[in-house]
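There are 2 protein chains.
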Amino acid sequence: MIKINENYNKLQASYLFSDIAKRVTAHTEANPDQSIIRLGIGDVTRALPDACIKALHAAVDEMANDGSFHGYGPEQGYDFLREAIAKGDFQSRGADIEADEIFVSDGAKCDSGNFQEIFATDATVAIPDPVYPVYVDTNVMAGRTGEAKDGRYEGLVYLDATKENGFIPDLPKTPVDLIYLCFPNNPTGATATKAQLKAWIDYARDNKALILFDAAYEAFVQDDSLPRSIYEIEGSKEVAIEFRSFSKTAGFTGTRCAYTVVPKTCMAYTESGEKASVHALWNRRHTTKFNSVSYPVQRAAEAVFSPEGQAQVQELVSYYLKNAKYIREQMESLGYDCMGGENSPYIWIDAKGDSWELFDKLLNNTGVVCTPGAGFGKCGEGYIRISAFNSFENVQEAMSRIKDAL
Amino acid sequence: MIKINENYNKLQASYLFSDIAKRVTAHTEANPDQSIIRLGIGDVTRALPDACIKALHAAVDEMANDGSFHGYGPEQGYDFLREAIAKGDFQSRGADIEADEIFVSDGAKCDSGNFQEIFATDATVAIPDPVYPVYVDTNVMAGRTGEAKDGRYEGLVYLDATKENGFIPDLPKTPVDLIYLCFPNNPTGATATKAQLKAWIDYARDNKALILFDAAYEAFVQDDSLPRSIYEIEGSKEVAIEFRSFSKTAGFTGTRCAYTVVPKTCMAYTESGEKASVHALWNRRHTTKFNSVSYPVQRAAEAVFSPEGQAQVQELVSYYLKNAKYIREQMESLGYDCMGGENSPYIWIDAKGDSWELFDKLLNNTGVVCTPGAGFGKCGEGYIRISAFNSFENVQEAMSRIKDAL
Chain A
1 MIKINENYNK LQASYLFSDI AKRVTAHTEA NPDQSIIRLG IGDVTRALPD ACIKALHAAV
61 DEMANDGSFH GYGPEQGYDF LREAIAKGDF QSRGADIEAD EIFVSDGAKC DSGNFQEIFA
121 TDATVAIPDP VYPVYVDTNV MAGRTGEAKD GRYEGLVYLD ATKENGFIPD LPKTPVDLIY
181 LCFPNNPTGA TATKAQLKAW IDYARDNKAL ILFDAAYEAF VQDDSLPRSI YEIEGSKEVA
241 IEFRSFSKTA GFTGTRCAYT VVPKTCMAYT ESGEKASVHA LWNRRHTTKF NSVSYPVQRA
301 AEAVFSPEGQ AQVQELVSYY LKNAKYIREQ MESLGYDCMG GENSPYIWID AKGDSWELFD
361 KLLNNTGVVC TPGAGFGKCG EGYIRISAFN SFENVQEAMS RIKDAL
Chain B
1 MIKINENYNK LQASYLFSDI AKRVTAHTEA NPDQSIIRLG IGDVTRALPD ACIKALHAAV
61 DEMANDGSFH GYGPEQGYDF LREAIAKGDF QSRGADIEAD EIFVSDGAKC DSGNFQEIFA
121 TDATVAIPDP VYPVYVDTNV MAGRTGEAKD GRYEGLVYLD ATKENGFIPD LPKTPVDLIY
181 LCFPNNPTGA TATKAQLKAW IDYARDNKAL ILFDAAYEAF VQDDSLPRSI YEIEGSKEVA
241 IEFRSFSKTA GFTGTRCAYT VVPKTCMAYT ESGEKASVHA LWNRRHTTKF NSVSYPVQRA
301 AEAVFSPEGQ AQVQELVSYY LKNAKYIREQ MESLGYDCMG GENSPYIWID AKGDSWELFD
361 KLLNNTGVVC TPGAGFGKCG EGYIRISAFN SFENVQEAMS RIKDAL
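Residue numbers (full-length UniProt numbering), protein chains in the order written: chain A, 1 to 406; chain B, 1 to 406.
Bound conformation, chain A alone:
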């Protein structure tokens, strides 16, 4: 008899964004005349940079001829892209990352969900709260938790991010093995200073722990004193993996390309305490279960690092940050306490009450879709997240409707 992975039965409710989609569909059906403005899911809305479009067309033309056709590529990604990433995203900022430490993939969601597979099932996992649901759910599926109780899974160590600690979690009070961090943070928009990250690096080194650092939003960092990569922090290369994506920088949410940095100096341990290379483990997993990213898409990602690509991406980021600034100003003018929106496309807003209630109120009265903070964890209760990913015109319209309604 084929039995299921019973851990799936522990999973609470369905995936956050599916819930939102259902409520939006129901609202649209009931109110066909009201236009919906989506500031919920963090999905970009503007066209791909022209440099990427040109690279895509050129690569598609290569695929049209036997002589220039590309079949299977290296599972880890083509050297042209890995080298462009290492140089453009790390070496240029003083972080000593080599091309062969880059694993190109089809999404940071996939990587941040899959990476835990290479570690022991009994690893103690620390996860911030509020948080991107994928970190939690994938560890539940893998059997690293007990049952859910009062909105939290037994066995996980939750790292509370609250107004009191400025949305930067304190170090855990009990020993943990695997630590998820995300800065600029999704959903709070909070950023960590170099000193704050250094404390986590020191903790990981002292405890032989490993940090999975999600830097999907690094391009939004405008304050030069803030780190954009964890590898700007001394000692990180022994204890930290970094997830990156082209989704939010170059608008690749529907084009699909991301990467994970796994330094060769990064170590985990066998049961008997011997060092084991995390790079070798991930390479084995990646080459066995993945077959690389579409060739034209890798060429498009490479184009992000051209001078034109860099200028176009910067323009996109600035555009969304202008939206973010506007949203934060408007919500603050309405008396709402806000976090984020300065070095992040997300504004985390104190709902002054229940978060799904404010979500429903905004949806029903204004047609504006945000994300209820409760969907991101217990500490997200009482907040909503508004995303800056939309046109400035739509953001203005949304804020005008909200001003009228609240």
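Don't read these hints as lab results, they were simulated from the structure.
All C-beta atoms, glycine included, are put in the ideal place defined by N, C-alpha and C.
A couple of the hints might just be wrong.
Each pair of labels, with its calculated beta carbon distance range [what the hints assert, rightly or not]:
| # | chain 1 | residue 1 | chain 2 | residue 2 | range |
| --- | --- | --- | --- | --- | --- |
| 1 | B | Ser-68 | A | Thr-265 | 38 to 48 Å |
| 2 | B | Gln-222 | A | Arg-152 | 56 to 66 Å |
| 3 | B | Thr-28 | A | Asn-65 | 19 to 29 Å |
| 4 | A | Gln-12 | B | Gln-12 | 13 to 23 Å |
One-sided excerpt, in silico: chain A residues whose CB lies under 7 Å from chain B [unchecked claim]:
| # | residue |
| --- | --- |
| 5 | Met-1 |
| 6 | Val-24 |
| 7 | Ala-58 |
| 8 | Asp-177 |
Here the structure of chain A is known, so what remains is to put chain B in place on it, guided by the hints.
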């Protein structure tokens, strides 16, 4: 202390195709003047069908404008593609599969590697031998095996495919829960009749087992009496999942698109014996750990089902089958016993001795790269696989060199 998934330590050697690549690189460095002809890894060599190229360009143009841009798509794939697949690949052949039973993905390797995640760790797994290494390796990683001993993992039930049984494994003698099957087979090129598949379906129904059916090579079936999908067999929709790919049909190895069919009637069981929907489990896994396939690539896959696309794909398949026929004829004329090559792009050749030895002999004396059967399992020892994926000119040249050398 972050401990590794110790199951990774059970994995034997490195991935088959990496080993081959290393030997080829060494040979090339030692013999820079000899041209290499690759008939090893099953990678297509001919350009994408024109219908796909046109669809890719058109979709890239959509991505170039805010108004037609596509961000995140549905994790399961766009309806336009799921509907084209259900209609074109199943309903048109009398198999009653609905669009919402199709999960679009970036590769059959990923799907066939990931699918086991939703089942219990103590499931007893039956895997053919010889076999595509991903089925075995991913179950080792998941902890469903003991240590390797004499080239086999303890705890797995191996289904021997030998000359004696015509490379169609017998039903297992001990109860199993999860069964991997692949027809047309990789690596042997063997095909199963409807009656042969029916026996497996009946076994699965009688034992509440589940079949994971890999049909990546179905387009090569020319004999109309042979099934191209397991869903042509009565009763299969309760006990079988099917993996499909555009890689070998439309040449998508470097473009990346595949899909998995999970009928809603397919059931697994909880520890207490209650039915659980495999569709619901896979949907949860797929939406949590995957974010769909690149939009332009989905449009290219859709174009495969247009009248032009279908004609162009048929032309590609016929081209490779002409190669396959030629390889088989030539090897048989040299006195080698062959399987496959008629309804399959692979020819499975009795090496009349050690399979790595014949691999090395062909590489060193002729520059032709094949795949040693031993890389596919114990029963692969004594065979080599030659792939028909190359130009007819290269295949002719390879066979001419082999004739001279052997």
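Comparing the hints with the structure gives:
1. Ser-68(B) to Thr-265(A): 38 to 48 Å: Because 45 Å falls inside the window, the suggested range holds.
2. Gln-222(B) to Arg-152(A): 56 to 66 Å: With a Cβ separation near 57 Å, Gln-222(B) and Arg-152(A) satisfy 56 to 66 Å, so the hint holds.
3. Thr-28(B) to Asn-65(A): 19 to 29 Å: Once the Cβ atoms are compared, 24 Å apart, the range 19 to 29 Å for Asn-65(A) and Thr-28(B) holds.
4. Gln-12(A) to Gln-12(B): 13 to 23 Å: violated (39 Å)
5. Met-1: Constraint on Met-1(A) satisfied, holds at 4 Å.
6. Val-24: Violated. Min distance 14 Å.
7. Ala-58: violated (10 Å)
8. Asp-177: holds (4 Å)
Checked against the numbered hints given earlier, this structure breaks hints 4, 6, 7; the rest are met.
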